[in-house]
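Respectively, the protein sequence lines represent chains L and X. Quick note: the first sequence uses the working numbering, first residue 2, plus one each step. Quick note: the second sequence uses the working numbering, first residue 910, plus one each step.
Hint data in this document are derived by calculation from the structure and do not stem from the laboratory. Keep in mind the model is a prediction, meaning the values are calculated, not measured. Glycine included, each C-beta is placed from N, C-alpha and C at the ideal position. There may be inaccurate statements among the hints.
Claimed, not checked - Computed from the model, here is a short list of chain L residues facing chain X with C-beta under 7 Å:
(1) P84
(2) P87
(3) T102
(4) P161
(5) F233
(6) G490
(7) L567
(8) L568
(9) G569
Unchecked claim - Far from chain X, by Cβ distances over 10 Å, these chain L residues were calculated:
(10) Q35
(11) T83
(12) P86
(13) D105
(14) N122
(15) R132
(16) G333
(17) V397
(18) Y491
Unchecked claim - Here chain L is said to cover these stretches of chain X; the calculated rule only asks that three of the stretch's residues, wherever they fall, bring their Cβ under 8 Å from a Cβ of chain L:
(19) 945-958
(20) 969-979
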Amino acid sequence: MLSAQRLDDNPCRPRHFKPPPCAPVIADPAAVEQLESARTRLKLAASLFALVFLVVIGRLVGVVELSATPNEPRTAHARLVTPPPPPRADIVDRNGTLLATNLDSPALYVNSKQMLQAGENPEQAALQITRALPDLSPAEIRGKLASGKSFSYLKRSLTPQQEYLVNNLGIPGIEFSAAEKRIYPLGDLAAHTVGYCNVDNIGEAGIERGLNRSIRGRNAPVMLALDARVQFVLKDELQHVMDQFSAKGAAGIIMNVNTGEIVAMASLPDFDPNHPPSTNPVTATPEDKERVFDKITSGEYELGSVFKVFNTAMALDSGVSTMTSTYDARSGIKIGRFTIEDYHGKHRILSLPEIFAYSSNIGSAKMAIAAGADRQKSFLDRLGLLSPVPIELDKVEVARPHFPSVWRPVNVMTIAFGHGIAVTPLHMVTATAAIVNGGILRPPTMLKVPEGEEVPGVRVISPKTSEQMRKLMRLVVEAGTAKFAEAPGYVVGGKTGTAEKNIHGHYEEKKLVSSFIGAFPMNDPKYVMLTLVDEPHGNKESHGYATAGWTVAPATSRIIQRIAPLLGVAPQDETSPDIKQALQIESLVGKKLEYN
Amino acid sequence: MNRFGGVFWFVLVIASGMTNFLVKQTVQNLDEQLVKVRHQAVDEQRKIHDLTADWTYLNQPELLANLNNTYVHLQQVSPKQIVSNLDDIPLRPAPAPSPPETPAPLVAEATPLPATPIAPPLLASVMAPGPARSPIVPVSVSVPAAAPPPARERVAAAMPAPVRAQPPPAAPQAAKPASLDALFAQVTGSR
């Protein structure tokens, strides 16, 4: 008989057999312990997993629902497609017209190996390519196509049109490699202002050079103060003057008197920045150098009588002279071997407005002597005429003015009428803007000043002196040397200057620099402009004269009439009592000035 | 109970798996489309950029000036042609008198204000759809004024707006300029 115990242990026992409930379960203490610890481990692992899942859930909820920036798009940023940033930012004028931009101009090359493998006939392919690009030589192309090399350039800098044509041929093995080219769609229009780049996309001149670093590092276009339309008018008229008087060169600059923005700036002869002339000191021809040279910022000129603007302002502002002061201009001033003479001598005692209107050298020299050397020098320094003009150009392109190191009385006298000191036209315009705008000197800028923004400046003369100077400059056009500068409706004022060129220390009588500094409208000046013509020759129409009054003054009139509507300067009736009164010189009321 | 639970979870797993797959597929498709569209946009931008350069090149002031000199012959605007103040614009001069085509009934119909004497031809010219008014003639100074300006102003004030706004048919006396040149000659001549 088997005991109950043994029966239970029998693996072959019937399935339905259950041991009697009374059978005691022997607890093996070791097994129980093992079982317990396994259960604890299981619990621990389960809770760990639960925790991890909880964290994942929490994180999910946090990311999806409780995002800190709810407006941020939840798309992956890696999916954004952006065009590659241009190697150089565009340059645009004040109205957004493109002045400089980059165009894709891929290079064309051939993988001859691949081409021959594809079973293409090099003869035929060369024919097709030269038909699309007629400037390539068929023989050379055929050679390259049949060479079996895996890379040889066929042509660099393709235009989009050419790329399209060649791509359309669908010849295997003909490939493009991406490249960009800097182009100047308006050509030579603003050559000196915009400048140009070399093949490595580094600015070589103008703004391209001056702002090279910031142009390279940005996407948004650089907006210049320049107005392409005004620039065209200025250039057109300067070219006209140059042709008319068979001059060597011409230059002009137009500046906003209240912001210092340079609206137009031209120097002739100029160049096409798409094909800049050679600047290599060895290979460059004198003609090339002349073209690249910017007369406005790099050219220094003894500008002559236009300097009387500053001389007169200095005398009036310092209180040395008043509008009624008179000076003896009956005979020339002898200093050493020189004699200071008047071009159109009146040989009488002249009042200050007369000296200015007739452009008397004698009177101006006497005015300067009365003021003294120190006062003259510090005044010119204050106007910025003794240091390079601060502007967004490379230092190399901005000339440092030339003036005597020791300010002797003879220098004082010659500087009074603009000899013995050489400044750039940019200096001249910047300082004159301060003279007419109420007396605030502002640095010139080639970049657009946002509408309505105040440009900080330094006061250099009193508002009263500025007003007197405006009247005097108007007088020159009304009754003085610059009658041809009058533009009906625009109340032009200014000062002419005809200077003999100083070549190697002596003045050449036949080589003149004629210039006119003008502003309009004189009752509330908005723009100041300087026009300059280098070595003009008199002609029949000018009765043989090559002076400023006959050359650049009429050009100024034409320019103002053409640009004023573009610049939003409204024409006025200059005969209206308001304007008459605003520009009337009290001491001259009832007198009649006659300049011949 | 247990069997039902198992089926429930199985269906749920399959359904959620399917949904997941479908949503993912849709998103992927959309994403591909998005990238494609963005590529297209960049491409278009490039094209626009190239065309802008082309446009600027073709619009060089020098080129336009030459084209003008060859074809259009536009003249420079003279300061006299520029009016900077609204008050400086003269009032429109009275239009030419029209043949009086029974103006009386029109007056009676349209305006119940015959107390003030109004010149009949003038009123007719305002009201009648006849050949009295033209868009060009009133600007021209050469047309004789039919009535004193005060009366005209009064009429203008009294007239209901819709009537005045009706454009009259083309006037026979203002011949259409044969060419653009002729038009400019006409416009500049009348100033």
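Status of the hints after comparison with the structure:
1. With 7 Å as the threshold, the beta carbon of P84/L comes within range of chain X, its nearest partner Cβ sitting at about 5 Å, so the hint holds.
2. Taken as an interface hint, P87/L does not check out: its beta carbon lies about 9 Å from the nearest beta carbon of chain X, beyond 7 Å.
3. Look at T102/L: its Cβ gets to within about 5 Å of chain X, closer than 7 Å, so that hint holds up.
4. With 7 Å as the threshold, the beta carbon of P161/L comes within range of chain X, its nearest partner Cβ sitting at about 6 Å, so the hint holds.
5. With a cut of 7 Å, the hint placing F233/L at the interface with chain X holds, because the nearest CB-to-CB distance is about 4 Å.
6. The interface hint given for G490/L is met, as the beta carbon of that residue sits about 3 Å from the closest beta carbon of chain X, less than 7 Å.
7. With its C-beta approaching chain X no nearer than about 10 Å, L567/L sits outside the 7 Å limit, and its interface hint is violated.
8. With 7 Å as the threshold, the beta carbon of L568/L stays out of range of chain X, its nearest partner Cβ sitting at about 12 Å, so the hint is violated.
9. Using the Cβ-Cβ criterion of 7 Å, the hint placing G569/L at the interface with chain X is not satisfied: the shortest such distance is roughly 9 Å.
10. The claim that Q35/L is not at the interface with chain X holds, since no C-beta of that chain comes within 10 Å of its own (minimum 31 Å).
11. Residue-level check failed: T83/L sits 7 Å from the nearest beta carbon of chain X, not beyond 10 Å.
12. The non-interface label for P86/L is consistent with chain X: the shortest C-beta to C-beta separation is roughly 12 Å, beyond 10 Å.
13. For D105/L, the non-interface assignment is contradicted: its Cβ lies about 7 Å from the closest Cβ of chain X, within the 10 Å cut-off.
14. Remark: the non-interface label on N122/L is consistent with the geometry, its nearest Cβ contact in chain X lying 33 Å away (cut-off 10 Å).
15. Consistency note on R132/L: stated as away from chain X, and its beta-carbon is indeed over 10 Å from all of that chain's, at 24 Å minimum.
16. Every beta carbon of chain X lies more than 10 Å from that of G333/L, the smallest distance being close to 42 Å; the non-interface claim holds.
17. Against chain X, the non-interface label of V397/L holds: every CB pair exceeds 10 Å, the least being about 29 Å.
18. With a cut of 10 Å on Cβ distances, Y491/L falls inside the contact zone with chain X, its closest approach being about 7 Å.
19. Taking a C-beta to C-beta cut-off of 8 Å, the segment 945-958 of chain X contributes 7 residues in contact with chain L, enough for the three needed, and the coverage statement holds.
20. Counting residues of the segment 969-979 of chain X whose C-beta lies closer than 8 Å to any C-beta of chain L gives 4; at least three are required, and the coverage claim holds.
The structure shown violates the earlier hints numbered 2, 7, 8, 9, 11, 13 and 18.
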